[in-house]
Amino acid sequence: DAEITQSPRHKITETGRQVTLACHQTWNHNNMFWYRQDLGHGLRLIHYSYGVQDTNKGEVSDGYSVSRSNTEDLPLTLESAASSQTSVYFCASSESSGSLNEQYFGPGTRLTVT
Amino acid sequence: GIQVEQSPPDLILQEGANSTLRCNFSDSVNNLQWFHQNPWGQLINLFYIPSGTKQNGRLSATTVATERYSLLYISSSQTTDSGVYFCASPTQGGSEKLVFGKGTKLTVNP
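The listed protein sequences derive, respectively, from chains A and B. One gets our numbering by counting positions in the first sequence from 1 and adding 11 to each. One gets our numbering by counting positions in the second sequence from 1 and adding 20 to each.
Some clues are possibly wrong.
Unchecked claim - Which chain A residues face chain B? A few, computed with CB under 8 angstroms, are given here:
1) L56
2) Y61
3) Q64
4) G69
5) Y75
6) S105
7) Y115
8) P118
9) G119
What the hints assert, rightly or not - As a list, the in silico DSSO-like pairs of lysine-lysine whose alpha-carbon atoms are at most 30 angstroms apart:
10) B:K117 x A:K22
11) A:K22 x A:K68
12) B:K74 x B:K117
13) B:K74 x A:K68
14) B:K125 x A:K22
15) B:K117 x A:K68
Stated by the list, open to error - Listing some non-contacts, in silico: residues in chain B with all C-beta distances to chain A over 10 angstroms:
16) D47
17) Q53
18) Q62
19) S80
20) T100
21) L118
22) G121
It should be emphasised that the hints constitute simulated quantities derived from the structure, not laboratory data. Even glycine gets a Cβ: it sits at the ideal position worked out from N, Cα and C.
Sequences and hints are given; from them, build the entire structure.
In structure tokens form, the structure reads like this:
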């Protein structure tokens, strides 16, 4: 069955370190998204991609970057981790034929920055 | 961009009770999704419902796009229904990006 996976599921890192969270989907979806979830804020969009070599900033993109070298993967990199980036991160994907497309979410990565 | 508001923020039920969760949005939408986040944190797609009514077992949803709201009905609630329910809509017409409400936390007691 097609699916979307994230790794690692849990990560503890130190302030200032570079961290990369992986997202892999097997639906062949062109659209991929990264969200973070924090108490009191719900889910907020970090970065998104509408296809290979396409990346765009979302609502809370400062301190994060993404790259899209193939359809299946959209890794999220924290260039220099900060305590404010402690959060749960969700990756999602959807088809690309206009705005009537359902997004499907991965299981999430819980990141703690100490 | 569009604003999404959910009510109530918290809801406590006894098993077997019915409930209605509401999602209001600030502008017309052509896509509305409902999700259930279970106690393990997983986001589960419940409904993709730009307009009209859909039913899936004990759950149903209705979106009235012209009046800018959507309702999620849970009938004969079970303890496994506990968790947080989110609605989400595109940030603007033609956009693929979703904006989420802050959720309704549902607790179903045995």
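Each hint, compared with the structure:
no. : hint           : result
1   : L56            : holds (6 angstroms)
2   : Y61            : holds (7 angstroms)
3   : Q64            : violated (17 angstroms)
4   : G69            : holds (7 angstroms)
5   : Y75            : violated (15 angstroms)
6   : S105           : holds (6 angstroms)
7   : Y115           : holds (6 angstroms)
8   : P118           : holds (6 angstroms)
9   : G119           : holds (5 angstroms)
10  : B:K117 x A:K22 : holds (27 angstroms)
11  : A:K22 x A:K68  : holds (24 angstroms)
12  : B:K74 x B:K117 : holds (23 angstroms)
13  : B:K74 x A:K68  : violated (34 angstroms)
14  : B:K125 x A:K22 : holds (26 angstroms)
15  : B:K117 x A:K68 : holds (11 angstroms)
16  : D47            : holds (13 angstroms)
17  : Q53            : violated (6 angstroms)
18  : Q62            : violated (6 angstroms)
19  : S80            : holds (17 angstroms)
20  : T100           : holds (18 angstroms)
21  : L118           : violated (6 angstroms)
22  : G121           : violated (6 angstroms)
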